[in-house]
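A.B. asks: The primary structure of each chain is shown beneath.
Protein chains: 2
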Amino acid sequence: MSEEKENIQFELTGALIEQVESLIEAKNDKALRLLLSEYHYADIAEILDELSLDDAMYVIKLLDSETTSDVLMELDEDNREKVLKNLSDKEIAEEVEELDTDDAADIIAELPEDRQQDVISQIEDEEHKAEIKELLAYDEDTAGGLMAKELVKVYETWTVAGCLRRIRGQAKEVTRVHSIYVVDKQEKLVGRLSLKDLIVAKSEQKIADIYISNVDFVYVDEDVEEVVKVMQKYDLEAIPVVGQDKTLLGRITIDDIVDVMKEEADKDYQLAAGITQDVDSDDNIIELTKARLPWLFLGLIGGVGAFMIMEGFQDAFKEYAVLFFFTPLIAAMAGNVGVQSSAIIVQGLANDDVKGSVNSRLLKEMLLATLNGTILAIFLFLFVWGYNGEINKALAISVSLVAVIIIAGLIGTFVPLFLDKRGIDPAIATGPFITTSNDILGILLYFWIAKMILGI
Amino acid sequence: MSEEKENIQFELTGALIEQVESLIEAKNDKALRLLLSEYHYADIAEILDELSLDDAMYVIKLLDSETTSDVLMELDEDNREKVLKNLSDKEIAEEVEELDTDDAADIIAELPEDRQQDVISQIEDEEHKAEIKELLAYDEDTAGGLMAKELVKVYETWTVAGCLRRIRGQAKEVTRVHSIYVVDKQEKLVGRLSLKDLIVAKSEQKIADIYISNVDFVYVDEDVEEVVKVMQKYDLEAIPVVGQDKTLLGRITIDDIVDVMKEEADKDYQLAAGITQDVDSDDNIIELTKARLPWLFLGLIGGVGAFMIMEGFQDAFKEYAVLFFFTPLIAAMAGNVGVQSSAIIVQGLANDDVKGSVNSRLLKEMLLATLNGTILAIFLFLFVWGYNGEINKALAISVSLVAVIIIAGLIGTFVPLFLDKRGIDPAIATGPFITTSNDILGILLYFWIAKMILGI
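The listed protein sequences correspond, in order, to chains G and H.
Numbering (our numbering) for the first sequence: 130 to 585.
Numbering (our numbering) for the second sequence: 130 to 585.
Treat the hints with caution; some may be incorrect.
Incomplete in silico selection of chain H near chain G, CB under 10 Å [stated by the list, open to error]:
1) 388
2) 410
3) 415
4) 418
5) 424
6) 428
7) 435
8) 440
9) 447
10) 482
11) 493
12) 530
Just so you know, these hints were derived from the structure itself, not from any lab.
For clarity, every value in this text was computed on a predicted model and none was experimentally measured.
Cβ atoms here follow ideal geometry from the backbone N, Cα and C, with glycine treated the same way.
Given only the sequences and the hints, what does the whole structure look like? Please build it.
C.D. replies: The following block contains the structure:
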């Protein structure tokens, strides 16, 4: 994420919003329609996100449903919810008719459960209705939950000429033709073809003779994260989705994968920063509080723990007040080392490049932490010794620092590996969780080692 | 990032690596070629990443350059550097001939500067050579640095039939035909066509009559981040790149955008976790130390700062030791709040949804921090009061906490906004930077307010 610049194509200005608002107020439908026709639906959605609900509804009722269905998909989720609440079942069904099956199913899935059936029953196109129902049955975190039913399918027995003729029909309802999927008589996926292959081929050739049998595919119950990895690794722009018996069920396109990647990256970044729900900077204060307070509360409990540890060592260290002054340093180092090592493991797990055993990982982290810790401890030792001249205190503090850094590194490495083995998203292990537990443990360890070294 | 599962298509097993290694040792080229021919080049790259350099070189010299050039692009960057070092200029030039211009330019850009010219001069295809030279001249963070020269271009004066005939020629060297770009006589971009449009059209129609003039494009010097945003927002699979006079220069495809997104997300995640360079969990200890030590050192300096502040207040320590025991809590809360608010701003800036003035942002964060701070302070007050019975100390600590949280929130909001305005990547503001500065400032503020309240 870097500095913002002007958008190349479209800039959302206050003047544009005002222009739209005044056209709505004047009920100048013709001018409004003309103005908005210049913009992409994604831009219109950005405009609507800035309008009042009443004004947004006015625009939605004004524009044709082909445009508004696309606009609806691009609206901010909170705003979409409000707009859908203000549309009748019939009106939503009309929008849904215009959308590809994957988007249509997503819109319906966002509705309150009691409305879903009502909206579905208003869809007129029986095939579209059946396909949406099928998609709604899949778990949203699986390939089935992401795929669309729109695709171009040919039978291996067809000729190139027959194929082209039929594709002209099928392609009308498919926005973008990535690949043409080849199936056998049992509707099982056997290969693929590109449009390019088809126009390069001779028209009397059989599909069976020209298709590429080496086709990547995913099973319908495959985890979405896995689909993202496969499409990214093999640079795919679309991937067919099949049932357990290899029946062709649908396809997933790269634009949906891009959205999933963006969501995942945002979520992980927020988790690392101690934000629990998916919030935007424009959400209201209550929502932002709900997302932020839980981790802060954890930090509070950690701080109270640190207090109780320090209080426990209070009598032992009457003479050694200086030790207490280094607790924020110890806590910060324990926290930072823990976050660093957990972040590297979390990323490694996500990229499938954590190889070797848990033990070898821990050994490596121990070496790394010892190296980092020793370098840092030497600086700290020289500072404390030079600053207050007491070599035994300087030694106690520095040696403790090395120990704390090693333990913090080990915990930062072990916890995400452990969570991963137990099937829990290791990303929750970075950020406040590791910081807080390392704070407490670090301070405890620090006093304990200092006590030993100073012989108290 | 979530738990790892088996790859759908390919699993890199120890047994497979051993099989490859023993075939290399036995110099059984035929069996090795047969074995590897079953795998995708991205999978072969994963296998090579696990082999010794000698073994990897053996495989690279064995396979045909069409395969190895693709494998080379997918290798881990460190390994690719080693492999390139072991190839002659002529051999690299042969690999480069097989690659699309964007990948070819990337490979050459990775070479030491003194080798680049030597390799380029060995490229035989003059057109390919000129195109690669052109691409190397663009800044790698711009659209020009990301684009490829391979594209399918038609003139608006052509007919559909003539077009199809010529495309059959052009398309052979373009791996995937996303869009056909329409240019005028001056080579300026005027519109686009999909292959689908072309096969649906009548063969005697003129391109000028059927093309879509509403074509998204980016300028060649546009920032890569901006290209990512545009392609993501408009769900594009390819975008043409033009010069300032709209001359068509190249195109960027979505697979490159996916790679950029992944890199950016990884980099931001690492920055937030206090890791300064792009490292993998499999890098060696020296590289990992170089990436981790700088931020730890910053933490050390922050800790020393906290020590000096506390030492300044040490006269109060005799009677008010309890205040000192809460410094880790104060530092942790200041750090956590700062990281949360900076993360939300950094993400908001990246997604272009930070609207309104800096002042209104700061006001919102102040309200939010006051709300969070008050809730947390009430708990802390009740705990301290209940625990040691002294209401004035409990009050001093809790009131300070609210103040510290508000200031931490404001700093966390202000710093990334400030960096962004100055054209610096605000992502560096999250993580250790904010944590450390908030630690010190929080502790200072805490003692200062507590001192006032307690009248010390």
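A.B. asks: All hints are to be evaluated individually against the structure, with a verdict given for each.
C.D. replies: Quick rundown of the hints versus the structure:
Among the interface hints, the one on residue 388 of chain H holds; its C-beta lies about 8 Å from the nearest C-beta in chain G, closer than the 10 Å criterion. The interface hint given for residue 410 of chain H is met, as the beta carbon of that residue sits about 3 Å from the closest beta carbon of chain G, less than 10 Å. The restraint placing residue 415 of chain H at the interface with chain G holds, with a minimum CB-CB distance near 9 Å, inside the 10 Å limit. Checking residue 418 of chain H against chain G by beta carbon gives a least distance of about 6 Å; that is within 10 Å, so the hint holds.
Hint on residue 424 of chain H holds. Least Cβ distance to chain G is approximately 6 Å, under the 10 Å limit. The beta carbon of residue 428 of chain H is positioned within 10 Å of a beta carbon in chain G (closest approach about 5 Å), and the interface hint is therefore held. The criterion of a C-beta within 10 Å of any C-beta in chain G is met by residue 435 of chain H, whose closest approach is roughly 4 Å, and the hint holds. At about 6 Å, the closest approach between the beta carbon of residue 440 of chain H and any beta carbon in chain G falls short of 10 Å, and the interface hint on this residue holds.
A distance limit of 10 Å between C-beta atoms decides the matter here; for residue 447 of chain H the minimum to chain G is near 9 Å, and the interface restraint holds. Of the supplied interface hints, the one on residue 482 of chain H holds, with its beta-carbon coming within about 6 Å of a beta-carbon of chain G, less than 10 Å. With its C-beta approaching chain G no nearer than about 7 Å, residue 493 of chain H sits inside the 10 Å limit, and its interface hint holds. About 9 Å separates the beta-carbon of residue 530 of chain H from the nearest beta-carbon of chain G, less than 10 Å, and the hint is met.
Checked against the numbered hints given earlier, the structure satisfies every one of them.
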